[in-house]
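Asks: The hints should help you fit chains Z, H, F, L, P and S onto chain D, whose structure is shown.
Chains as they are written, first to last, in UniProt numbering: chain D, 1 to 84; chain Z, 1 to 84; chain H, 1 to 84; chain F, 1 to 84; chain L, 1 to 84; chain P, 1 to 84; chain S, 1 to 84.
Careful, some of the hints might be misleading.
Straight-line alpha carbon distances no greater than 30 angstroms define the calculated DSBU-like cross-link-like pairs of lysine-lysine that follow [stated by the list, open to error]:
#: 1; chain 1: S; residue 1: Lys13; chain 2: P; residue 2: Lys13
#: 2; chain 1: H; residue 1: Lys24; chain 2: H; residue 2: Lys57
#: 3; chain 1: H; residue 1: Lys57; chain 2: Z; residue 2: Lys24
#: 4; chain 1: F; residue 1: Lys57; chain 2: L; residue 2: Lys61
#: 5; chain 1: P; residue 1: Lys57; chain 2: S; residue 2: Lys57
#: 6; chain 1: S; residue 1: Lys24; chain 2: D; residue 2: Lys24
#: 7; chain 1: H; residue 1: Lys57; chain 2: Z; residue 2: Lys57
#: 8; chain 1: H; residue 1: Lys13; chain 2: Z; residue 2: Lys57
#: 9; chain 1: D; residue 1: Lys13; chain 2: Z; residue 2: Lys13
#: 10; chain 1: S; residue 1: Lys13; chain 2: P; residue 2: Lys61
#: 11; chain 1: L; residue 1: Lys24; chain 2: P; residue 2: Lys13
#: 12; chain 1: D; residue 1: Lys57; chain 2: Z; residue 2: Lys57
#: 13; chain 1: P; residue 1: Lys24; chain 2: H; residue 2: Lys24
#: 14; chain 1: S; residue 1: Lys61; chain 2: P; residue 2: Lys24
#: 15; chain 1: P; residue 1: Lys57; chain 2: F; residue 2: Lys24
#: 16; chain 1: F; residue 1: Lys61; chain 2: Z; residue 2: Lys24
Not close to chain D: a few residues of chain Z, all C-beta gaps over 12 angstroms, as computed [as the list claims (entries may be wrong)]:
#: 17; residue: Arg4
#: 18; residue: Leu5
#: 19; residue: Leu10
#: 20; residue: Lys24
#: 21; residue: Lys34
#: 22; residue: Leu44
#: 23; residue: Lys61
#: 24; residue: Gly78
#: 25; residue: Pro81
#: 26; residue: Asp82
Since the hints were derived computationally from the structure, they do not count as laboratory data.
Predicted model, so just to flag it, every value in this text is computed and none were measured.
For glycine and all other residues, C-beta sits at the position ideal for the given N, C-alpha and C.
As a plain string of letters, each chain reads:
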Amino acid sequence: MAGRLLPLELVDKCIGSRLWVIMKGDQELVGTLKSFDDYVNMVLEDVTEYEVTPEGKVAHKLDHILLNGNNIAILVPGRSPDDG
Amino acid sequence: MAGRLLPLELVDKCIGSRLWVIMKGDQELVGTLKSFDDYVNMVLEDVTEYEVTPEGKVAHKLDHILLNGNNIAILVPGRSPDDG
Amino acid sequence: MAGRLLPLELVDKCIGSRLWVIMKGDQELVGTLKSFDDYVNMVLEDVTEYEVTPEGKVAHKLDHILLNGNNIAILVPGRSPDDG
Amino acid sequence: MAGRLLPLELVDKCIGSRLWVIMKGDQELVGTLKSFDDYVNMVLEDVTEYEVTPEGKVAHKLDHILLNGNNIAILVPGRSPDDG
Amino acid sequence: MAGRLLPLELVDKCIGSRLWVIMKGDQELVGTLKSFDDYVNMVLEDVTEYEVTPEGKVAHKLDHILLNGNNIAILVPGRSPDDG
Amino acid sequence: MAGRLLPLELVDKCIGSRLWVIMKGDQELVGTLKSFDDYVNMVLEDVTEYEVTPEGKVAHKLDHILLNGNNIAILVPGRSPDDG
Amino acid sequence: MAGRLLPLELVDKCIGSRLWVIMKGDQELVGTLKSFDDYVNMVLEDVTEYEVTPEGKVAHKLDHILLNGNNIAILVPGRSPDDG
Numbered sequence: 001m002a003g004r005l006l007p008l009e010l011v012d013k014c015i016g017s018r019l020w021v022i023m024k025g026d027q028e029l030v031g032t033l034k035s036f037d038d039y040v041n042m043v044l045e046d047v048t049e050y051e052v053t054p055e056g057k058v059a060h061k062l063d064h065i066l067l068n069g070n071n072i073a074i075l076v077p078g079r080s081p082d083d084g
Numbered sequence: 001m002a003g004r005l006l007p008l009e010l011v012d013k014c015i016g017s018r019l020w021v022i023m024k025g026d027q028e029l030v031g032t033l034k035s036f037d038d039y040v041n042m043v044l045e046d047v048t049e050y051e052v053t054p055e056g057k058v059a060h061k062l063d064h065i066l067l068n069g070n071n072i073a074i075l076v077p078g079r080s081p082d083d084g
Numbered sequence: 001m002a003g004r005l006l007p008l009e010l011v012d013k014c015i016g017s018r019l020w021v022i023m024k025g026d027q028e029l030v031g032t033l034k035s036f037d038d039y040v041n042m043v044l045e046d047v048t049e050y051e052v053t054p055e056g057k058v059a060h061k062l063d064h065i066l067l068n069g070n071n072i073a074i075l076v077p078g079r080s081p082d083d084g
Numbered sequence: 001m002a003g004r005l006l007p008l009e010l011v012d013k014c015i016g017s018r019l020w021v022i023m024k025g026d027q028e029l030v031g032t033l034k035s036f037d038d039y040v041n042m043v044l045e046d047v048t049e050y051e052v053t054p055e056g057k058v059a060h061k062l063d064h065i066l067l068n069g070n071n072i073a074i075l076v077p078g079r080s081p082d083d084g
Numbered sequence: 001m002a003g004r005l006l007p008l009e010l011v012d013k014c015i016g017s018r019l020w021v022i023m024k025g026d027q028e029l030v031g032t033l034k035s036f037d038d039y040v041n042m043v044l045e046d047v048t049e050y051e052v053t054p055e056g057k058v059a060h061k062l063d064h065i066l067l068n069g070n071n072i073a074i075l076v077p078g079r080s081p082d083d084g
Numbered sequence: 001m002a003g004r005l006l007p008l009e010l011v012d013k014c015i016g017s018r019l020w021v022i023m024k025g026d027q028e029l030v031g032t033l034k035s036f037d038d039y040v041n042m043v044l045e046d047v048t049e050y051e052v053t054p055e056g057k058v059a060h061k062l063d064h065i066l067l068n069g070n071n072i073a074i075l076v077p078g079r080s081p082d083d084g
Numbered sequence: 001m002a003g004r005l006l007p008l009e010l011v012d013k014c015i016g017s018r019l020w021v022i023m024k025g026d027q028e029l030v031g032t033l034k035s036f037d038d039y040v041n042m043v044l045e046d047v048t049e050y051e052v053t054p055e056g057k058v059a060h061k062l063d064h065i066l067l068n069g070n071n072i073a074i075l076v077p078g079r080s081p082d083d084g
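So that you can see chain D by itself, here it is in the shape it has in the complex (with noise of 0.2 angstroms):
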């Protein structure tokens, strides 16, 4: 696939940049992409994570994390859930 994009080269071209994360489950959160490894675990900064609550989303800020990579289903490039 000569000229594609494949997933894990679009993941490094995130790096530097935001990144929302769409976890298995309905955990979310926006942060910069730092680094990843093979399991695509991440190290992001800056990261605002939003906890599903019954009255509804509230956001926590966290300096830096590091995210199992089995635990994610979407990535979205540049964007966040308050872009609405």
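Replies: Just chains Z, H, F, L, P and S now, kept in the frame of chain D:
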């Protein structure tokens, strides 16, 4: 199985065209398939994600996404949930 | 086990004929089997997918689909849920 | 473990006879075992599948099926849920 | 770990004696262990299976069964749920 | 990581002493660790298993058990749920 | 990815400092990281485990624990749920 289109060969034929993805659980989305890897992780563009809410399906537009292959149940080439 | 039809040999014999697929959870569909791979990912054509809704089973017609093998519980060659 | 019937040897001895299969979750079925592979995927004939409904167990007759081995919890040679 | 009975060595010592099996979810059974393999799939005889129903535990007698090892949570040699 | 006690080294140091095991789901038990293998399957003696019931936690005494490693979430050396 | 801190390198940098662990499901705990292995099984000391109860979060103090890596969703270096 000469002459038969193997599953990943079908996916390869979908590159550049619309693909409806039904995931385990009740999440669904439609997008243009840009690339995929051996684990059927996918890069999709011009995506509409259908969120199931008590008020019915809500559509969200996303430029491009990366989808975790192990969360996929069914792929429907050339169709969308809106086709009814 | 000479003379016995091994499971994947049975699947191979179903190529070109109708196959009822019962998935983990309560999703079911019927289609004509076009091909499959070692993980029993399947390409099916002329598919009817049965969605379980509070009002009962709703049938959706799909031209062709790719089905993730690890989500399959039971395959029933030559039959369909409509056979009653 | 000379002299002891290993699990897959017991399954092999069941070829041609009735086998009650209790699956993870509450699905059950009974059928004549025709063949199986290393993953204990099974081909069964003359099958009765017991669907658990609010009104109790409903039996469905199926000619032959292929059963995904990783969904099996317990195998009971020579018996059936109807034995009471 | 010389002198210590490793887990599978303990299972081997249970061959021929009563074994209480507590499975993931709330299924339980007791039986005489006849054999097991590397995946701790087990052949058990003279089995009592305890079904959890709204009216309490219902015991079913089974001659012999084959149990899928990956569904086991706890093994209790020489005991049974009826010991109280 | 010279000088640091690796996880399985910590488990090895627990041989012969009391170990509180918190499993995935809400099952808990305490016992004396006799042995373990590479999959952290464990042999425990003098065990108290805490069953969560609508009326609160009910303790069951068991002589010795074999515990499936892949069901363990947390190990707490030298402590028990009764420590409060 | 020269110059970028890979996920396990970030974990290594956390040795000796406080780490907030968010697990799959809603279990959370905070502790000082003592060591970890390739599966990100972790030894933590001076631990506070937050149990989610109908009355809100209840904190339990534990000297040291071993945590099963495959149950981890998110690691937050240097922070705790009490930071609000």
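Asks: If a hint holds in the structure, say so; if it doesn't, say that too.
Replies: Hint by hint, here is what the structure shows:
1. Lys13/S / Lys13/P: holds, 25 angstroms
2. Lys24/H / Lys57/H: holds, 16 angstroms
3. Lys57/H / Lys24/Z: Given that 30 angstroms is the threshold and the Cα spacing comes to 18 angstroms, the pair holds.
4. Lys57/F / Lys61/L: Satisfied, since the Cα-Cα distance of roughly 20 angstroms is no more than 30 angstroms.
5. Lys57/P / Lys57/S: holds, 19 angstroms
6. Lys24/S / Lys24/D: holds, 10 angstroms
7. Lys57/H / Lys57/Z: Within the cut-off at roughly 19 angstroms; holds.
8. Lys13/H / Lys57/Z: Between Lys13/H and Lys57/Z the Cα gap is close to 40 angstroms, so the pair fails against 30 angstroms, i.e. violated.
9. Lys13/D / Lys13/Z: holds, 25 angstroms
10. Lys13/S / Lys61/P: Distance ~43 angstroms between Lys13/S and Lys61/P Cα, so the pair is violated.
11. Lys24/L / Lys13/P: holds, 28 angstroms
12. Lys57/D / Lys57/Z: holds, 19 angstroms
13. Lys24/P / Lys24/H: holds, 22 angstroms
14. Lys61/S / Lys24/P: Status holds; Cα separation ~20 angstroms.
15. Lys57/P / Lys24/F: holds, 27 angstroms
16. Lys61/F / Lys24/Z: Between Lys61/F and Lys24/Z the Cα gap is close to 28 angstroms, so the pair holds against 30 angstroms.
17. Arg4: holds, 21 angstroms
18. Leu5: At roughly 17 angstroms from the nearest Cβ of chain D, Leu5/Z sits farther out than 12 angstroms, so the non-interface label holds.
19. Leu10: At about 15 angstroms from chain D, Leu10/Z clears the 12 angstroms cut-off, so the statement holds.
20. Lys24: violated, 9 angstroms
21. Lys34: violated, 6 angstroms
22. Leu44: violated, 9 angstroms
23. Lys61: violated, 10 angstroms
24. Gly78: holds, 19 angstroms
25. Pro81: Fine: 17 angstroms to the nearest Cβ keeps Pro81/Z off the interface.
26. Asp82: Consistent with the label, Asp82/Z stays out of reach of chain D, its closest Cβ about 20 angstroms off (over 12 angstroms).
In this structure, the earlier hints numbered 8, 10, 20, 21, 22, 23 are contradicted, and the remaining ones agree with it.
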